[in-house]
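With chain A's structure known, arrange chain B on it following the hints.
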Amino acid sequence: MRFKKTEGRMLEADMTPMIDMTFQLIAFFMVLINFTASETHERVQLPQSTLAKPPDEPFEFPITLQLTDTGLFVIGGNEVASIQGLRPYLLNEATVLQQRQKQISDATVIIRAHKGAQTGMVQDLIKVCQENGFEKFALRAKEDVGN
Amino acid sequence: MKIRRSTSSGQDTIELQMTPMIDIVFQLLVFFIMTFKIVSLEGDFNIQMPLASQDEGLPDENDLLPPMRLTLTANDSGQLAGISLNDRNFANFRELHDYIASRVGDAGPSGSEDAEVELDCDYHLRYEHTIEAVTAVSGYVDRETDEIVRLVEKIRFSPPQENAEASD
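Residue numbers (numbering that gives the first Met the number 0), protein chains in the order written: chain A, 0 to 146; chain B, 0 to 167.
The shape of chain A in the complex, shown without the other chains:
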């Protein structure tokens, strides 16, 4: 019995469209991946506001301070139980600013407080920052899309 020469005529699926689509999917997810989410804290649920629109331009020197509903402060990934414990971190930020030849008042303190947090604690937070020379504050809220 004679066999036909089969070398080089293997049955192959055409991979090109699948790889095209897969690369497009990868590109899509790569573009949309948001590393700024690392600034957020899973325990902080922001209050909603219809006026909370993303800023046109980012702050020059943002310092993010977070406050959970249980009254825990988070700065730069460190959890601080008491408000007085924030002072060393704020002093550190102020020193960094001075080394960059900038005024402390140029920095913006972004406050991300849980919606159930006590307003008084937010005010205490602002007060501690003021005592360290910070003047600009931004109260962060989540965009209310339901309206």
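For the record, the hints were derived by calculation from the structure and aren't laboratory data.
Any given hint could be a false lead.
[Unchecked claim] Derived pair list, reagent style EDC-like, types lysine to aspartate or glutamate, alpha-carbon separation capped at 20 Å: (1) A:Lys126 with A:Glu56; (2) A:Lys114 with A:Glu142; (3) B:Lys36 with A:Asp143; (4) A:Lys52 with B:Asp75; (5) B:Lys36 with A:Glu134; (6) A:Lys141 with B:Asp145; (7) B:Lys153 with B:Glu115; (8) A:Lys114 with B:Asp75; (9) A:Lys141 with B:Asp141; (10) A:Lys126 with A:Asp68; (11) A:Lys126 with B:Asp113; (12) A:Lys52 with B:Glu146; (13) A:Lys141 with B:Glu146; (14) A:Lys141 with A:Glu41; (15) B:Lys36 with B:Asp75; (16) A:Lys141 with B:Glu41; (17) A:Lys101 with A:Asp143; (18) A:Lys114 with B:Glu41; (19) A:Lys114 with A:Glu41; (20) B:Lys153 with A:Glu78; (21) A:Lys52 with B:Asp141; (22) A:Lys114 with B:Asp119; (23) B:Lys153 with A:Asp68; (24) B:Lys153 with B:Asp97; (25) A:Lys52 with B:Glu143; (26) A:Lys126 with A:Asp143; (27) A:Lys141 with A:Glu56; (28) B:Lys36 with A:Glu142; (29) A:Lys52 with B:Asp145; (30) A:Lys126 with B:Asp119.
[Said to hold, decoys possible] Non-contacting residues of chain A with respect to chain B, defined by C-beta distances greater than 10 Å in every case (computed): (31) Ser48; (32) Leu85; (33) Tyr88.
The structure displayed is predicted, hence computed values, not measured ones.
Just so you know, even glycine gets a beta-carbon here, dropped at the ideal spot from N, CA and C.
Just chain B now, kept in the frame of chain A:
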């Protein structure tokens, strides 16, 4: 790409090994899908609050709009119990917003720049109500143009209540 066997040379075909590449590509795809999180947009309310100086709190008599003092009181559980602006009570933030809009609107186009609101909140008031109040006084979204119309741009907090009592 598959290179067809040349008839003259007689060499074997060179085939790209697709399997490892597809493995990696799928792993990348799975990584990005798993880390993908729809983040809701966030915005800020800017507050300019330098440390209180000695001459602060004295209203300028030339001001068209004297500083408005918004007082928010809370019940024991931290829920909103009362809203009052310069001793005038409001049932909800909608009323407050309409009042602020009429008052700032009367002051002319520069009203939004001159107007100032000082927030005086109970210590244990839930923060979301404070943000609601800030939203009510700072502006609204125009339904036709979908742009934000600013009302009061200067917002600040009065000193925290418990600390004020402790320092007396």
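Against the structure, the hints:
Of the pairs offered as hints, the one joining Lys126 of chain A and Glu56 of chain A is violated, with about 26 Å between alpha carbons and a cut-off of 20 Å exceeded. Annotation: proposed proximity of Lys114 of chain A to Glu142 of chain A holds, straight-line Cα distance about 13 Å (limit 20 Å). For the hint pairing Lys36 of chain B with Asp143 of chain A, the CA-to-CA distance comes to about 18 Å; that is within 20 Å, so the pair holds. In summary, the hint linking Lys52 of chain A to Asp75 of chain B is not supported, as the alpha carbons are separated by about 32 Å, beyond the 20 Å threshold.
The suggested pairing of Lys36 of chain B with Glu134 of chain A is violated, with an alpha-carbon distance near 33 Å, which exceeds 20 Å. For a cut-off of 20 Å, the pair hint linking Lys141 of chain A to Asp145 of chain B stands: about 17 Å separates their Cα positions. For a cut-off of 20 Å, the pair hint linking Lys153 of chain B to Glu115 of chain B stands: about 5 Å separates their Cα positions. Taking the CA atoms of Lys114 of chain A and Asp75 of chain B, the gap is about 17 Å. The hint holds against a cut of 20 Å.
Restraint check for Lys141 of chain A and Asp141 of chain B: satisfied, since their Cα atoms lie roughly 19 Å apart, inside the 20 Å limit. Distance check on the hinted pair: Lys126 of chain A and Asp68 of chain A sit about 19 Å apart at the alpha-carbon level, within 20 Å; holds. Between Lys126 of chain A and Asp113 of chain B the CA atoms are separated by roughly 24 Å; this puts the pair beyond 20 Å, and the hint is violated. Under the criterion of a C-alpha separation no larger than 20 Å, the hint pairing Lys52 of chain A with Glu146 of chain B is consistent with the structure, at around 10 Å.
Pair hint Lys141 of chain A plus Glu146 of chain B holds up; C-alpha atoms about 17 Å apart against a cutoff of 20 Å. Distance restraint check for Lys141 of chain A and Glu41 of chain A: the Cα-Cα separation of roughly 14 Å lies within the 20 Å cut-off, and the hinted pair is therefore satisfied. Straight-line distance between C-alpha atoms of Lys36 of chain B and Asp75 of chain B comes to about 37 Å, which puts the hinted pair past the 20 Å bound. Between the alpha carbons of Lys141 of chain A and Glu41 of chain B the distance comes to roughly 4 Å, so the proposed pair stays at or under 20 Å and holds.
Using a Cα cut-off of 20 Å, the hinted pair Lys101 of chain A and Asp143 of chain A is violated, with the two alpha carbons roughly 35 Å apart. Taking the CA atoms of Lys114 of chain A and Glu41 of chain B, the gap is about 14 Å. The hint holds against a cut of 20 Å. Using a Cα cut-off of 20 Å, the hinted pair Lys114 of chain A and Glu41 of chain A holds, with the two alpha carbons roughly 13 Å apart. Between Lys153 of chain B and Glu78 of chain A, the direct Cα distance comes to roughly 31 Å. Violation of the 20 Å bound is thereby established for this hinted pair.
As the CA atoms of Lys52 of chain A and Asp141 of chain B are separated by approximately 14 Å, the hinted pair is consistent with the 20 Å bound. Taking the CA atoms of Lys114 of chain A and Asp119 of chain B, the gap is near 18 Å; set against the 20 Å cutoff, the hint holds. Proposed proximity of Lys153 of chain B and Asp68 of chain A is contradicted: the alpha carbons are some 27 Å apart, above 20 Å. Distance check on the hinted pair: Lys153 of chain B and Asp97 of chain B sit about 18 Å apart at the alpha-carbon level, within 20 Å; holds.
Restraint check for Lys52 of chain A and Glu143 of chain B: the C-alpha separation of about 17 Å stays at or below 20 Å, so the hint holds. With a CA separation close to 28 Å, the supplied pair Lys126 of chain A and Asp143 of chain A exceeds the 20 Å bound. Taken as a hint, the Lys141 of chain A and Glu56 of chain A pair is honoured in the structure, with Cα atoms around 17 Å apart against an allowance of 20 Å. About 16 Å separates the Cα atoms of Lys36 of chain B and Glu142 of chain A, which keeps this hinted pair within 20 Å; it holds.
For the suggested pair Lys52 of chain A and Asp145 of chain B, the alpha carbons sit about 11 Å apart, so the restraint of at most 20 Å is met. For the given pair, Lys126 of chain A sits about 14 Å from Asp119 of chain B by alpha-carbon distance, which is consistent with the 20 Å threshold. The claim that Ser48 of chain A lies off the interface is violated: its Cβ sits roughly 4 Å from the closest Cβ of chain B, which falls inside the 10 Å cut-off. With 10 Å as the threshold on Cβ separation, the claim that Leu85 of chain A sits away from chain B holds: the shortest Cβ distance comes to roughly 15 Å.
Even its closest Cβ contact with chain B, about 19 Å, leaves Tyr88 of chain A beyond 10 Å, as expected for a residue assigned away from the interface.
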